[in-house]
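Asks: This is what each chain is made of:
Number of protein chains: 2
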Amino acid sequence: MKPFNLLKTDGKARRGRLTLKHGVVETPIFMPVGTVGSVKTLTPSDLKDVNAQIILGNTYHLFLRPGMEVIEHFEGLHNFIKWDRPILTDSGGFQIFSLGKLNKIVEDGAHFASHLDGSKFVLTPELAVKIQETIGSDIHMVLDECTAFPCEEDVARKSMERSMRWAKRCRDAKVKPDLCQFGIVQGSMYPHLRRESAKALMEIGFEGYAIGGLSVGETKSHMHEITDVCCDVLPRDQPRYLMGVGTPLDIIEGVSRGVDMFDCVMPTRNGRNGTLFTSLGRVNIKNLAHRLDDSPLDPACACYTCKTFSRGYLRHLFLTGEITGLRLLSLHNIAYYLKLTEDIRDAIEAGTFADLLAYHRGLWDK
Amino acid sequence: MKPFNLLKTDGKARRGRLTLKHGVVETPIFMPVGTVGSVKTLTPSDLKDVNAQIILGNTYHLFLRPGMEVIEHFEGLHNFIKWDRPILTDSGGFQIFSLGKLNKIVEDGAHFASHLDGSKFVLTPELAVKIQETIGSDIHMVLDECTAFPCEEDVARKSMERSMRWAKRCRDAKVKPDLCQFGIVQGSMYPHLRRESAKALMEIGFEGYAIGGLSVGETKSHMHEITDVCCDVLPRDQPRYLMGVGTPLDIIEGVSRGVDMFDCVMPTRNGRNGTLFTSLGRVNIKNLAHRLDDSPLDPACACYTCKTFSRGYLRHLFLTGEITGLRLLSLHNIAYYLKLTEDIRDAIEAGTFADLLAYHRGLWDK
Chain A
1 MKPFNLLKTD
11 GKARRGRLTL
21 KHGVVETPIF
31 MPVGTVGSVK
41 TLTPSDLKDV
51 NAQIILGNTY
61 HLFLRPGMEV
71 IEHFEGLHNF
81 IKWDRPILTD
91 SGGFQIFSLG
101 KLNKIVEDGA
111 HFASHLDGSK
121 FVLTPELAVK
131 IQETIGSDIH
141 MVLDECTAFP
151 CEEDVARKSM
161 ERSMRWAKRC
171 RDAKVKPDLC
181 QFGIVQGSMY
191 PHLRRESAKA
201 LMEIGFEGYA
211 IGGLSVGETK
221 SHMHEITDVC
231 CDVLPRDQPR
241 YLMGVGTPLD
251 IIEGVSRGVD
261 MFDCVMPTRN
271 GRNGTLFTSL
281 GRVNIKNLAH
291 RLDDSPLDPA
301 CACYTCKTFS
311 RGYLRHLFLT
321 GEITGLRLLS
331 LHNIAYYLKL
341 TEDIRDAIEA
351 GTFADLLAYH
361 RGLWDK
Chain B
1 MKPFNLLKTD
11 GKARRGRLTL
21 KHGVVETPIF
31 MPVGTVGSVK
41 TLTPSDLKDV
51 NAQIILGNTY
61 HLFLRPGMEV
71 IEHFEGLHNF
81 IKWDRPILTD
91 SGGFQIFSLG
101 KLNKIVEDGA
111 HFASHLDGSK
121 FVLTPELAVK
131 IQETIGSDIH
141 MVLDECTAFP
151 CEEDVARKSM
161 ERSMRWAKRC
171 RDAKVKPDLC
181 QFGIVQGSMY
191 PHLRRESAKA
201 LMEIGFEGYA
211 IGGLSVGETK
221 SHMHEITDVC
231 CDVLPRDQPR
241 YLMGVGTPLD
251 IIEGVSRGVD
261 MFDCVMPTRN
271 GRNGTLFTSL
281 GRVNIKNLAH
291 RLDDSPLDPA
301 CACYTCKTFS
311 RGYLRHLFLT
321 GEITGLRLLS
331 LHNIAYYLKL
341 TEDIRDAIEA
351 GTFADLLAYH
361 RGLWDK
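Sequences listed follow chains A and B, in order.
Quick note on the numbering used here: the first sequence kicks off at 1 and runs consecutively.
Quick note on the numbering used here: the second sequence kicks off at 1 and runs consecutively.
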């Protein structure tokens with residue numbers, strides 16, 4: 001299965017198309033995060049209204065709740081959550097390291113205890129694939145080990161090499177031909193380790209390749225350097241996914257380096273915290289300046305929030321803790337991210353990506 | 001202004017029509033409560049999807065937040081919250097008694113401190129009308145004193161008599177001819193005080209009459225008795241509003257006694273607590289029985305929640321604390337209440353109200 005078509009390039013920026021079991025995804029694309037089976041505060045109908053093409057689910061969370069018996073009973077996540085477009089799932093590795101009480105990592109897999117009730121599990125590469133194939137995600141990720149930042153080179157190497165052995169075991173465990181599996185490049189901030197990792201994955205062969213272990217506290221220039229290194233090695237005719245990234249500027253910077261896919265909790269989390277991304281830059285809806293403001297949150301945005309309500313009302317909803325406010329703000333941020341990737345696709349097609357990049361560097365560096 | 005047309009009766013049940021500044025309301029009707037300028041978790045678009053005709057705002061809450069300067073700047077609540085159908089506001093009295101730190105009630109008005117920051121205010125009948133006319137509600141309520149339950153007869157009488165003097169002052173303070181003002185019958189559980197109160201209000205003359213001070217801890221038979229007493233006295237050709245009531249059964253019982261309008265936080269509050277009203281009776285979505293349940297919450301309901309999702313998924317969303325779940329459950333409960341009043345209107349028109357009442361007594365007494 002080869003899901004990706006590269007349609008056009010503009011510099012290193014790529015306009016592509018992913019053809020997946022549940023539909024077509026135009027790239028570059030942002031994937032809203034639906035951690036536990038819902039993109040927080042939103043419904044499938046909302047997501048379609050703002051043109052979401054693919055959403056992400058977190059295997060760790062879904063494995064714990066509702067659990068595999070429920071997912072199996074409902075014949076997969078799509079039917080359970082009533083989302084009929086593509087889904088990508090991570091392997092659960094990242095959450096084990098960041099949320100779970102990790103007991104130990106051995107060659108076989110990761111021993112961890114649930115952050116909810118302490119119950120103990122062993123997540124092996126084979127189990128990570130089995131869970132994700134049961135979930136039925138259009139794209140699933142190999143189990144990898146995520147090193148902390150900063151990380152000594154010998155630790156980074158050992159961890160990366162284990163991740164590559166796990167990647168091979170994941171590939172061997174894959175049984176469903178209509179679902180895609182992506183490898184994950186590791187190697188911390190060491191360019192030669194990243195290159196080794198990318199080559200090891202390409203030797204195994206996947207339907208796509210992710211860059212993992214970024215957005216973990218490193219500088220932007222580190223992030224850009226490692227992205228460059230990975231994109232230089234990864235195959236031109238397959239999709240590239242920069243995991244857990246990032247701000248609007250991070251996304252367009254990633255595209256400028258050859259990345260096709262992004263996910264991040266930032267739009268929904270920041271929405272719930274009252275920080276909004278708009279065509280006019282960042283807006284803190286709590287600010288007193290918005291108290292008597294009749295204007296929309298973002299005059300360039302076509303989402304329900306911006307087409308209907310004033311900043312004054314959105315501020316009021318936020319300050320009074322109304323759930324409706326969290327919803328409306330989350331909806332706008334997701335709409336902003338999706339419109340950003342649409343603008344990026346249009347710019348690549350028109351050969352004007354450099355202008356768009358310059359515009360966003362100006363907007364967000366303010 | 002005479003906003004009410006009585007179209008048909010079936011026993012004491014009444015099918016009517018209210019013609020208000022922002023539109024027509026078919027009665028009997030349930031009014032979702034939008035305390036601080038949003039019906040909790042929902043948007044105006046959601047409310048229209050489930051055929052909400054009129055919503056309620058709480059003057060006490062809106063007076064404190066966003067405050068009258070903001071409401072005035074936005075030229076009224078309708079434009080601030082972007083709801084273009086009718087709005088009814090209470091006078092703020094009930095919240096002062098239940099939420100605020102009440103300092104004292106004197107003949108002039110109620111001295112109270114905000115439950116938010118302790119700032120002190122005096123709410124007079126004149127101010128209550130002025131605030132509500134600034135809010136621009138299609139129907140506003142007179143300021144009244146709410147006695148606790150139970151209440152000695154002499155206390156109930158003194159309080160009722162003061163409320164009637166306040167009602168007269170509210171009527172004298174009313175300046176906007178296109179907005180309706182309702183009087184509120186008080187008198188605790190004493191039928192003769194209720195009759196006196198109703199007659200005093202009718203002598204002043206209002207566009208409608210509410211029954212206040214019920215659903216405060218009295219028995220159902222007390223509630224029914226007092227409703228009967230009030231409806232027997234109140235004018236046949238004007239609307240009757242039973243404030244703060246109640247369960248689906250309370251509503252149809254109220255209609256059977258001649259009530260036209262109802263409001264209650266129960267559908268949204270219970271929705272957020274996981275208790276749902278359905279055509280099959282009460283459902284606790286937390287129950288383990290729903291874990292693998294593919295069926296809709298209510299097979300007879302046409303709301304987005306019931307048309308789209310399974311009980312199993314709704315249970316999962318609720319147990320994981322997802323805001324999307326609170327939204328979907330609130331939406332259904334509001335849809336249920338509005339469909340109930342639609343069924344009631346249809347039954348009165350068809351002359352089959354007695355059957356519908358018997359059906360609901362059977363359903364909810366289980």
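The hints are simulated quantities; they were obtained by calculation from the structure and are not laboratory data.
Even glycine gets a Cβ: it sits at the ideal position worked out from N, Cα and C.
Among these hints, one or two may not hold up.
Some chain A residues judged to face chain B by a derived CB distance under 10 Å, without partners named [what the hints assert, rightly or not]:
(1) Val-70
(2) Gly-217
(3) Lys-220
(4) Arg-269
(5) Thr-275
Take a look, some chain A residues computed to stay more than 10 Å from chain B by CB distance [claimed, not checked]:
(6) Lys-40
(7) Ser-45
(8) Pro-66
(9) Asn-103
(10) Gly-118
(11) Val-233
(12) Gly-281
(13) Asp-294
(14) Glu-322
Asks: Which of the stated hints cannot be reconciled with the structure, identified by number in ascending sequence?
Replies: 2, 3, 4, 5, 6, 7, 8, 13 and 14
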